[in-house]
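Number of protein chains: 2
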Amino acid sequence: MSNEKIPYKIYLEESEMPRAWYNLRADMKNKPAPLLNPETLKPMTEKELSKVFCEELVRQELDEDTAYFEIPEEIRNFYKMYRPAPLVRAYCLEEKLGTPAKIYYKFEGNNTSGSHKLNSAIAQAYYAKKQGLKGVTTETGAGQWGTALSMACSYFDLDCKVFMVKCSYEQKPFRREVMRTYGASVTPSPSTETEVGKKILAAHPGTTGSLGCAISEAVEKAVNTEGYRYVLGSVLNQVLLHQSVIGLEAKAALDKYGVKPDIIIGCAGGGSNLGGLISPFMGEKIRGEADYKFIAVEPASCPSFTRGKYAYDYCDTGMVCPLSKMYTLGSDFIPAPNHSGGLRYHGMNPILSQLYEDGLMEAVSVKQTEVFEAAEQFARVEGILPAPESSHAIKIAIDEAMKCKETGEEKTILFGLTGTGYFDMMAYEKFHDGKMTDYVPSDEELEASLKKLPKV
Amino acid sequence: MSNEKIPYKIYLEESEMPRAWYNLRADMKNKPAPLLNPETLKPMTEKELSKVFCEELVRQELDEDTAYFEIPEEIRNFYKMYRPAPLVRAYCLEEKLGTPAKIYYKFEGNNTSGSHKLNSAIAQAYYAKKQGLKGVTTETGAGQWGTALSMACSYFDLDCKVFMVKCSYEQKPFRREVMRTYGASVTPSPSTETEVGKKILAAHPGTTGSLGCAISEAVEKAVNTEGYRYVLGSVLNQVLLHQSVIGLEAKAALDKYGVKPDIIIGCAGGGSNLGGLISPFMGEKIRGEADYKFIAVEPASCPSFTRGKYAYDYCDTGMVCPLSKMYTLGSDFIPAPNHSGGLRYHGMNPILSQLYEDGLMEAVSVKQTEVFEAAEQFARVEGILPAPESSHAIKIAIDEAMKCKETGEEKTILFGLTGTGYFDMMAYEKFHDGKMTDYVPSDEELEASLKKLPKV
Chain A
218 MSNEKIPYKI YLEESEMPRA WYNLRADMKN KPAPLLNPET LKPMTEKELS KVFCEELVRQ
278 ELDEDTAYFE IPEEIRNFYK MYRPAPLVRA YCLEEKLGTP AKIYYKFEGN NTSGSHKLNS
338 AIAQAYYAKK QGLKGVTTET GAGQWGTALS MACSYFDLDC KVFMVKCSYE QKPFRREVMR
398 TYGASVTPSP STETEVGKKI LAAHPGTTGS LGCAISEAVE KAVNTEGYRY VLGSVLNQVL
458 LHQSVIGLEA KAALDKYGVK PDIIIGCAGG GSNLGGLISP FMGEKIRGEA DYKFIAVEPA
518 SCPSFTRGKY AYDYCDTGMV CPLSKMYTLG SDFIPAPNHS GGLRYHGMNP ILSQLYEDGL
578 MEAVSVKQTE VFEAAEQFAR VEGILPAPES SHAIKIAIDE AMKCKETGEE KTILFGLTGT
638 GYFDMMAYEK FHDGKMTDYV PSDEELEASL KKLPKV
Chain B
218 MSNEKIPYKI YLEESEMPRA WYNLRADMKN KPAPLLNPET LKPMTEKELS KVFCEELVRQ
278 ELDEDTAYFE IPEEIRNFYK MYRPAPLVRA YCLEEKLGTP AKIYYKFEGN NTSGSHKLNS
338 AIAQAYYAKK QGLKGVTTET GAGQWGTALS MACSYFDLDC KVFMVKCSYE QKPFRREVMR
398 TYGASVTPSP STETEVGKKI LAAHPGTTGS LGCAISEAVE KAVNTEGYRY VLGSVLNQVL
458 LHQSVIGLEA KAALDKYGVK PDIIIGCAGG GSNLGGLISP FMGEKIRGEA DYKFIAVEPA
518 SCPSFTRGKY AYDYCDTGMV CPLSKMYTLG SDFIPAPNHS GGLRYHGMNP ILSQLYEDGL
578 MEAVSVKQTE VFEAAEQFAR VEGILPAPES SHAIKIAIDE AMKCKETGEE KTILFGLTGT
638 GYFDMMAYEK FHDGKMTDYV PSDEELEASL KKLPKV
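Chains A and B are the protein sequences, given in the same order.
Our numbering numbers the first residue of the first sequence as 218 and each following residue consecutively.
Our numbering numbers the first residue of the second sequence as 218 and each following residue consecutively.
Keep in mind that the hints are not guaranteed to be accurate.
One copy or two, it doesn't matter: identical chains are merged, so the pair holds either way.
As the list claims (entries may be wrong) - Distance condition first, Cα-Cα at most 30 Å in a straight line; then the derived BS3-like pairs of lysine-lysine:
1. K347 with K264
2. K226 with K297
3. K502 with K477
4. K652 with K415
5. K226 with K473
6. K620 with K502
7. K510 with K246
8. K669 with K502
9. K222 with K346
10. K222 with K473
11. K246 with K584
12. K222 with K297
13. K268 with K347
14. K268 with K346
15. K510 with K248
16. K226 with K477
17. K473 with K297
18. K477 with K297
Just so you know, the hints here were simulated from the structure itself, not pulled from any lab data.
Owing to the predicted nature of the structure, the values given are computational and were not obtained by experimental measurement.
Next comes chain A alone, as it looks inside the complex (with noise of 0.2 Å):
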């Protein structure tokens, strides 16, 4: 089909939304590793995850075999609020470039949360709801899952406390008045509220925390009071699972235009928009029935996947969370206050650490500042002012779009765009005043770390 038909955006129309999340497990040949219990080290049970998460939410986190969950009517109807997401044919880019490649991004921003955080919170929030829970506690790194849990539990009238990160709750007040906005309390981790908190404090002080220290405040919290659960907005499957919207809408709008990407690319911190933008891609990979190059675009400062070690590692820094094998490291490392919150997370989905294991997918670490350059070239062409966690997936796509320039090769990319930077304008004060840092940690600071890991 001539790209002269290719609208600028693909919008699917309502009754072509995806009626079921798509779980890539099911057709995966070497399954993810189970968790594991930290005591006894035994696969954590339903019962065992049920302290600490949701019911429903334990069935899709431990389900290896049920290939589509029907989406209840309830998270579809919220779906349609601010969704399909449109996945827009980046012309002008294109254009800027002189590339023959095409470009295409899945953009997830364009909700208040502003980004693909709210397709698994409201998830989460619905089941916790269903449960007849009182609320949910969880963390948030640069404050895009804690404005999204924010507002689906402001929907299903359900109390919602957020750890915030403390370098984003510093670098981003505006999120906290957000998230007010939707009736959350906001604690910066570390805190004093938990025991956990306390005691990191009193091993880092002045530290600015991680998202492994504010996920183990946030489980403490929740164990410790009644008629709450902990929810998580990234690493777990179950979140890969609701994500998946976002590559099965993708998917579907391509497919209504008869093109096939070559690549996909996706910003890599926990591996929700990454795992959720290829499943269905990845999917049809495994089966034998189309091949696609995968990458993974990780922050150098974080480089899980790329410097990382594939081992059972705990899931946050307190290790009060069950252990799982992943690509980490170390649940002890706690990366340099980069720009890109949402990206600085120790380890690795499981599901997505199995795939890399296996050579499906490939992965690249990027430095701050080439990030925010390829945001800032992105943003004058394409309109949109991205996260700087999306803009780790911009600046692979425009590498590879350069690349195609050079060979001549029509490639399509497909990348996700995961969300918008507005509440990120310090960063880019920075990077504007040349006052951006690249921090790459040193092999012997993530040796230390990872020399910590748990004996399994």
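Dock chain B against chain A, hints included.
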């Protein structure tokens, strides 16, 4: 047609997007009064206006006869990056209110400028580029117009100098960074960069500025700089022409489903959104093809329609602009610093002023605190965090829906949701903390500024 068939969001296809702007003046029986030369008090000629404005824009400003202006292809292509804007059926708000009313809103916030302002910015930048100019100057209140213009200028490689109303500059530090990302320079107004700025600072030391004053500075700068012209985001008839794309899209989307609104509501500052939204509907009303109730909503702190006078007045504080016949509070009126910077303008577009004078439209004023109450209520059920400006329309839409609840009438309400409030979190914080005030000017204050209206 039954409600069940109407989706949550109606998106037009790219092929259904308007190919021409609609010029309401062509259908008006009483045409708006002409702009006058402040020295000769004779109608401004094309030649005189061309010293300040781009030539093609002057033609659009003065044309009362041409009903449709074709939208140039370059502008239509830019529109395709962020338009069509969705027409949303507010199912969740209706349910929450328990109203039989059917509420729709045209959402213009899905772009980085955060508002409808981009619709006219890209048109004005296009004509400036076509004329071979180096750059443009402008003013911005809330920062939305300045951001929009920065984006448009960046797209066409034009220089962009923005005078930003000081109180907004201080309330919204991150807006400046967005404009900077797009390569614009931003000066808080009043400034010492212009003669008029210096004069105003001398007369009102410590003033937080106003749109009228920033306009004077931008005009002076444009007129005194080779290769520059001045562009304006509201008030002018050309802006209403470009903004008609809002109403045209809204009408096309409603027509697709056979829906006819009973009440059409828009917030009113200079009139750009209100005029754009109502234009095609008002055209039908004037031509006797349909009847609609139109409501302009303005802040009680700056009540041009409801407490102003229909008279010739200066468009700017410095009195360097042409005289315009409009509803005005007097060009000397400097509104209290409220949190709807985009609505802090002493006058009103001449077309809208004439329509209001002719009884074709109603107007109400609302206080800041009740506006934020409506904003929060809306955000919690509809997901979108609205701009304070847009929330004026939300407030009255909710009021009208509640009247329907009392009477049992199933009226169809359409309102303009002009933008998002992501850069207004300081205002939301004040609201949450109970620190918001409701300033209303006294009769004496208004009399004093109205007394100074020019004798024409």
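Status of the hints after comparison with the structure:
1. K347 with K264: within (18 Å within a copy, 69 Å between copies)
2. K226 with K297: both (17 Å within a copy, 7 Å between copies)
3. K502 with K477: For K502 and K477, the Cα distance is within 30 Å only inside one copy (12 Å; across copies 49 Å).
4. K652 with K415: neither (33 Å within a copy, 34 Å between copies)
5. K226 with K473: both (12 Å within a copy, 20 Å between copies)
6. K620 with K502: Within one copy, since 24 Å is at most 30 Å while 57 Å is not.
7. K510 with K246: Cα proximity of K510 and K246: one copy only (18 Å, versus 63 Å across).
8. K669 with K502: Cα proximity of K669 and K502: none, with 36 Å in one copy and 75 Å across.
9. K222 with K346: Cα proximity of K222 and K346: across copies only (28 Å, versus 44 Å in one copy).
10. K222 with K473: both (11 Å within a copy, 22 Å between copies)
11. K246 with K584: Neither way: K246 and K584 sit 34 Å apart in one copy and 62 Å across, limit 30 Å.
12. K222 with K297: This pair counts as both: shortest intra-copy Cα distance 26 Å, inter-copy 13 Å.
13. K268 with K347: within (16 Å within a copy, 66 Å between copies)
14. K268 with K346: Close inside one copy (16 Å), not across copies (63 Å); limit 30 Å.
15. K510 with K248: within (20 Å within a copy, 62 Å between copies)
16. K226 with K477: Close inside one copy (16 Å) and across copies (28 Å); limit 30 Å.
17. K473 with K297: Both. Shortest intra-copy (20 Å) and inter-copy (19 Å) distances satisfy the 30 Å Cα cut-off.
18. K477 with K297: both (26 Å within a copy, 23 Å between copies)
In this structure, the hints that do not hold are numbers 4, 8, 11, in rising order.
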